[in-house]
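K.L.:
Listed here are the chains, written in short residue letters.
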Amino acid sequence: MPTRMLGEPVKRREDPRLLTGHGRYVDDIDLPGMLHAAVLRSPYAHAQIERIDASTARALEGVVAVFTYDDLGPARQRMPLLIPNPALTHPYTRYALARDEVNHVGEGVALVVAESRYVAEDALEAIRVEYQELPPVVDIERAVEPGAWLVHEELGTNVAAHYVGVVGDPERAFAQAAHVFRERLVIERSAAMPIETRGIVAAWDPYREVLRVWDSTQGPIVIRNALAALFGLAPHQVEVIAPDVGGGFGCKIMFYPEEVLIPYAALVLGRPVKWTEDRIEHFIATNHERLQIHDAEIAVDAEGRILGVRDIFLHDAGAYTPYGIIVPQITACQLPGPYKVPNYHVEFRAVYSNTVPVSPYRGAGRPHACFVMERLIDRVADELGLDRAEVRRRNFVQPDEFPYDVGLVFQDGAPTRYDSGDYPAMLARVLEMVDYERFVREEQPRLRAEGRYVGIGLACYVEGTGIGPYEGAHVRIEPTGHVYVATGMPQQGQAHKTILAQVAAEELQVPIERIVVIEGDTAHFGFGSGTYASRSAVVAGSAVALAARRVREQALELAARELEVDPADLVVEDGRIFVRGAPERGLSYWEAAQLANPLRYAYGTEASELLSKPRPWNGPALPPGRQPALEATEYYSPPHATWASGALACILEVDPGTGMIRFHRLCVVHDCGRVINPMVVEGQIHGGIAQGIGGAFYERIVYDENGQPVNASFMDFLIPTAVEVPPIEIAHLETPSPLNPLGVKGVGEAGAIPVPALVASAIDDALRPLGVRVTRMPLGPSELLELIARSTE
Amino acid sequence: MSAEVGAGSAQRRAIRVTVNGVVYERVVEPRLLLSDFLRHELGLTGTHVGCEHGVCGACTVLVNGEPARSCLMLAVQADGLAIETVESLAPDEERLHPLQQAFWDRHGLQCGFCTPGLLMLLKSFLAENPSPSEEEVREAISGNLCRCTGYQNIVAAALEAARLLREPVAG
Ligand code: FES
Ligand code: FES
Chain A
1 MPTRMLGEPV KRREDPRLLT GHGRYVDDID LPGMLHAAVL RSPYAHAQIE
51 RIDASTARAL EGVVAVFTYD DLGPARQRMP LLIPNPALTH PYTRYALARD
101 EVNHVGEGVA LVVAESRYVA EDALEAIRVE YQELPPVVDI ERAVEPGAWL
151 VHEELGTNVA AHYVGVVGDP ERAFAQAAHV FRERLVIERS AAMPIETRGI
201 VAAWDPYREV LRVWDSTQGP IVIRNALAAL FGLAPHQVEV IAPDVGGGFG
251 CKIMFYPEEV LIPYAALVLG RPVKWTEDRI EHFIATNHER LQIHDAEIAV
301 DAEGRILGVR DIFLHDAGAY TPYGIIVPQI TACQLPGPYK VPNYHVEFRA
351 VYSNTVPVSP YRGAGRPHAC FVMERLIDRV ADELGLDRAE VRRRNFVQPD
401 EFPYDVGLVF QDGAPTRYDS GDYPAMLARV LEMVDYERFV REEQPRLRAE
451 GRYVGIGLAC YVEGTGIGPY EGAHVRIEPT GHVYVATGMP QQGQAHKTIL
501 AQVAAEELQV PIERIVVIEG DTAHFGFGSG TYASRSAVVA GSAVALAARR
551 VREQALELAA RELEVDPADL VVEDGRIFVR GAPERGLSYW EAAQLANPLR
601 YAYGTEASEL LSKPRPWNGP ALPPGRQPAL EATEYYSPPH ATWASGALAC
651 ILEVDPGTGM IRFHRLCVVH DCGRVINPMV VEGQIHGGIA QGIGGAFYER
701 IVYDENGQPV NASFMDFLIP TAVEVPPIEI AHLETPSPLN PLGVKGVGEA
751 GAIPVPALVA SAIDDALRPL GVRVTRMPLG PSELLELIAR STE
Chain B
1 MSAEVGAGSA QRRAIRVTVN GVVYERVVEP RLLLSDFLRH ELGLTGTHVG
51 CEHGVCGACT VLVNGEPARS CLMLAVQADG LAIETVESLA PDEERLHPLQ
101 QAFWDRHGLQ CGFCTPGLLM LLKSFLAENP SPSEEEVREA ISGNLCRCTG
151 YQNIVAAALE AARLLREPVA G
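Those protein sequences? They're chains A and B, same order as listed. UniProt numbering puts the first residue of the first sequence at 1, with every later residue one more than the last. UniProt numbering puts the first residue of the second sequence at 1, with every later residue one more than the last.
If you're looking for bench data, these hints aren't it; they were derived computationally from the structure. One thing to keep in mind: the hints can contain errors.
[What the hints assert, rightly or not] Derived contacts from chain A toward chain B, CB cut-off under 10 Å, selection only:
id	residue
1	25
2	195
3	694
[Claimed, not checked] From chain B, some residues computed to sit far from chain A (all C-beta separations above 10 Å):
id	residue
4	14
5	129
6	131
7	147
Just so it is clear, CB atoms sit at the ideal spot from N, CA and C, and this is done for glycine as well.
Between the sequences and the hints, there should be enough to build the whole structure, so can you do that?
P.N.:
This is how it looks when you write it as structure tokens:
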């Protein structure tokens, strides 16, 4: 019987180390002679640097060096534009340390390297910087008005990108519609906030002539490529390792100034250098996300069928656009969600402001899109007096309509094309879970009669996951009885060591204990782009499957020769290859690996007796076309994204006196194609939903009109705790993806996408007697009270 | 028994701290945080630092049996006290503490960064309240931030650990 590994809730192989305190995060690394760095950051949102005097700081005992822009040698060039886009007509990136201008509070101005972190921080205070303040641009609506102050004077505009996407004939659709409804919808600025901040340790190894960099990054390979190019080193002379990383959620997929500065300091000083971001720094030096202001309208016929959607929005890009316009582009492409929108006009301007730059945070433009679309759908239902579930049903892309083209180019340059799904079944299932009919018919009227404000909310979403360009995997079977699987994708908690081992175990039919997964170390795998966009399981998982299949073929071929049978007559079970129907005629993978390598010197392995046999062929020990190992490297490059989807329902109660909210139920039906490990998938959904709850109620980064962040600490920026996140009920629906060898779709961001939309829907319903409509997120108790007061005025 | 040490390092103080049953005598700067002392002086990097301002709970250790945020304490304040960190939880190399086992079984961690703090907090919580309700567990851990798990499996793990601790498996 073949062993099934896919679909099993295999316990995580990464856990014992982490549970016993033996994880290795960047700040845990301690090298002999290591120095410590701290960054002096701008206290102003927008200012000209007149003069920097670091002489006092340099003279402090224990200070080894102070770097300013002029000291950066090859790193004096601008940081690269990582993802260009034709619509991004005015890109702007920063220098690793500000040259003559700072554009947000927190921008790095100088780097101190000292014998201890404490001394380095002392030295920051001894650096004198003269600034000439410039007018700060904070409000993005004002920033696009004529005559507005400019973030980057030389660009002549605050508009970094102006994107227009048109599908069908929206003008006609709107002209002919029975009804048109408009909304202004806002999602505020937020940030990923992993509990581990960023950190880097860099050291030049003079014996191997290698620059080794431990980095809490989601993309070690791209960092390696960038550093090698910048410092004129061969690719193999730079090793970037993402060790254990304490959460990323998007903000660690970037090329940050410190990722240049710390390696550069290590090279110049010839000693290892460590920098660990502190939490306050993280608020002002690590990228943010979310703020968008949408003016959206929907055109429907008399039955609530969508004829067209028009959405024009502003996207806050922050001070620089290193990551291009990925976030608003995803918003634009994903806005139609699971619904057929035959005529669609979407347009955005990405706007500079003197705030921390914006790049993806879990969800990456999708929570915004889902919020807009679901608000519009709810509005249609409410205005037409239709059931909210019914309006969704009427507009879903149907199961027989895949592949379904939205009509726009997605973030990866491929078409926005849904590959599979069953949206009606997904909604039906969640309605059943939450007992929608009974709630609406019996429960809610009874509660309303009691004077309680309890509402039910719905939200559906799709998520383009598993995008290209590609990832690869290397699989090697060793005579020692181990299978080594290496990929370029590092994890930040997503259980790659477990799920990729499951894939390899299933493909090879070996016990999972035999498999060792190596990830996030460029010395082990050097091609690929990183962990983002819910793509690991899809892209790296598929690459592992393909590589394992190749190795399995190699092993079968060798075994067939050894056993003098046809490879087609062989089967594999539990790591043993044998002749079908004659299990005693066979050998293990480990023996096959030994056969592959005609080399003596093996320790007493399971394969040892094979070595003493004369080889059964003439000619060279390693015949042409054969390699001395069972190993293969394969790449998987998806034709386009594979589309996961989900439907959520929640019941919540609002206390109109306090504005406080209590969840009664929160149900999720989720379709990420074939599930590799249901336990891991559910964990991803739980975590995403918790962040969604943060986005719906608590998480908001606030700047004052001078561009000063006013809540840059965990005291003031609230992350949901265990009492704010309700129990989450999950059901899986599996419509396998036809695009990849495993049939999987991504799940990393799923939970974070629909929650603001879901909560808004439920609050509207709970407060229906008061006529409240939620149009912005997050919504804390005081804002909710304000809404209630306004509606009852 | 702390003392000022030497003229050249007038500010440095000698301290004697018991960590995981081992007595350490060190001379430290008064401003050195207990979290930094544990991590960087003693190399016990299982205790993590997520905020350094007392909110996230990642740095939670037990001080004389009581949970404390090691980022809010100075090493000199730990002079004469007994500290327990996550490294002391498992009885030996082979076995896990019931809390660790339950976290593993119930998928109570993802990135693992918040985990040591939660384990130490829960160790003391379950000692005081061996049969907590789900609500009580949620309340108890509400001072520890986890950005990965949504807490559901942490709560499940805590309840499971409580069970395991109440009814230790025979043998
Ligand atoms: S690091 Fe101590 S509470 Fe966050
Ligand atoms: S497991 Fe990552 S913060 Fe809790």
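K.L.:
Please write out, lowest number first, the hints stated earlier that are contradicted by the structure.
P.N.:
7
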